[in-house]
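Undergrad: Take a look at the letters that make up each chain.
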Amino acid sequence: MNAISASLTDSATMLRRNFRHTTRNPLALFNGVFMPIFLMFLMVYVLGGAFSVGVNYADYATPGLLLTTICYGVGPTAVAVSSDMATGFINRLRVMHVSRAAVLNAHVIATVLRSLVAIAIVIGVAFLMGFRPSASFAQWLGAIGIIVLTALAIAWLTVASGLAAKTPENAGFAAVPLMLLPFLSSAFVPADKMGPGARQFAEYQPFTSIIEALRGLLTGAPSAGSAVTAIAWCVGLSLIGYLWARRSFTKRA
Amino acid sequence: MNGSAIAASGLRKAYKDKIVLDGIDLDVRTGTIFALLGPNGAGKTTTVNVLTTLLAPDAGKVVVAGHDVTTETKAVRAAIGVTGQFASVDDLLTGEENLLMMADLLHLPKAEGRRIAARLLARFDLGEAAGKLASSYSGGMRRKLDLAMTLVGQPKIIFLDEPTTGLDPRSRRIMWEIIRELVAGGMTIFLTTQYLEEADELADRIAVLDQGRLVAEGTADELKRRVPGSHVRLRFAGRPELDVAARVLAESTRDDEELTLRVPGDGGVRSLRALLDRLDAHSIDVEELSVHTPDLDDVFLALTGHGNKEVSAR
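Sequence lines, in order, name chains P and W. Take the first sequence: its position 236, counted from the start at 1, is 236 in the numbering used here, and no numbers get skipped. Take the second sequence: its position 297, counted from the start at 1, is 1297 in the numbering used here, and no numbers get skipped.
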């Protein structure tokens, strides 16, 4: 068996393991779906009426909530990766000559797929709450593309932070900034309505451009500029996460 | 049965400015059990990590199963199995799934993987628990599953890093039995332990590691001979009995306040019986008798000149 097919076989084996983890620990998926839905309820029914964003608030908030869904769902991944390190599971695999790629890819792919399942559920609930996108089929595909890229970027960053964390408990905290960043973006209110400092931060942080790109696509008014910025952010963050993960993996025996 | 399974010379490893291994030489013969004995922090796990290709040494040469660990990593990995200090089983998989995952990662055909898994489950008495999640296993069962996972690859050399730390006495005995069986089947075992008793029970040769250096190496008997401390303590009802006994047992040291005699010996039953016979022959009544054998603390005291608080507290 050559190196590439061996690595693919190993990735499939590890992915099967991660799927089993998800089905046997359904709380991970439940938390990742419940929190965004609660947040959506809060924003659309409780607070949203007070924000004047110029459009139907459910239409405004849903793109940001999709991003929030990705961020809320990755906590278990950081903890799982860190436990694999702490219990010696990864060392066991290294001694078996299982490729580093197989272990990390499986965590990333499983995380992305879990995010997509959660996103599908959240989109369904958004429709119930009055979300009425006017995107064409092609624009939907574009939106899904950006969602996948974002999920990939965040998955790599999460896996890397899990590898870098000293204990699984610490790894649990790694996802906290990810949960907070959406609030400091244009997810729920437009950046230009924020106070000084917060506004500049919100305007330039990656989530805002990703959300704006999604919002443009879903409302049928895509802007090429924000899409390019969003894709650049996703690719850049994925690369940082990947390199960071690789470095931590090699460094920590 | 001949030749070296593991040969290391001049092994050095430091983390930043902390020297963990300070020139270690090891030679483990094929088909034997070798125990690396030492307290926490002596460098046992670091040694295992270097010998198992997980960690590159700063200096020194290591040959495992005939291959150099730094240049022929893959060949070394194909010949060894490692069971770490913590049972690294997957809690959310069943015992059987854990074993099948190992078989898949070794790229064994499905049918062979299932056959090996079934055989190992039966052998380690895990058949009934095979379909249960590993998270429901007891400490002893987890260690057994952990070792079974290591054995899926049919390694020639097994590294066991503190295989019984934290186990209850019964589980510990079962683990010892399994280890003996593995060696009887032709495997070479390198184990680390903090327990002198464990090294004594299992190992053909023992090396004592202290602060990154090997301070002694030999068979259990050879090491024990270097450790004074094995003795029988006799307590008497009164001064007259003590006086008589002290005259008869001239090699002993007496404690007048405690009314005791300390008689050096090897701690064995034969010497104890000989001692009792001597007391009988002189009709000396003994109030109380206790046998003291050297423990790891004595070994450390004798070999390194300092005790080992952590271990003695056990």
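You may find that some hints are simply not true.
Unchecked claim - Straight-line distance between alpha carbons at most 20 Å, and here's what the computed DMTMM-like set of lysine to aspartate or glutamate pairs gives:
| no. | chain 1 | residue 1 | chain 2 | residue 2 |
| --- | --- | --- | --- | --- |
| 1 | P | 251 | W | 1058 |
| 2 | W | 1156 | W | 1177 |
| 3 | W | 1156 | W | 1197 |
| 4 | P | 251 | W | 1181 |
Read the hints as simulated data drawn from the structure, not as lab findings.
Undergrad: Let me make sure I understand: some of the numbered hints might not hold for this structure. Which ones are they, in numerical order?
TA: Of the numbered hints given earlier, those the structure breaks are 3, 4, listed in rising order.
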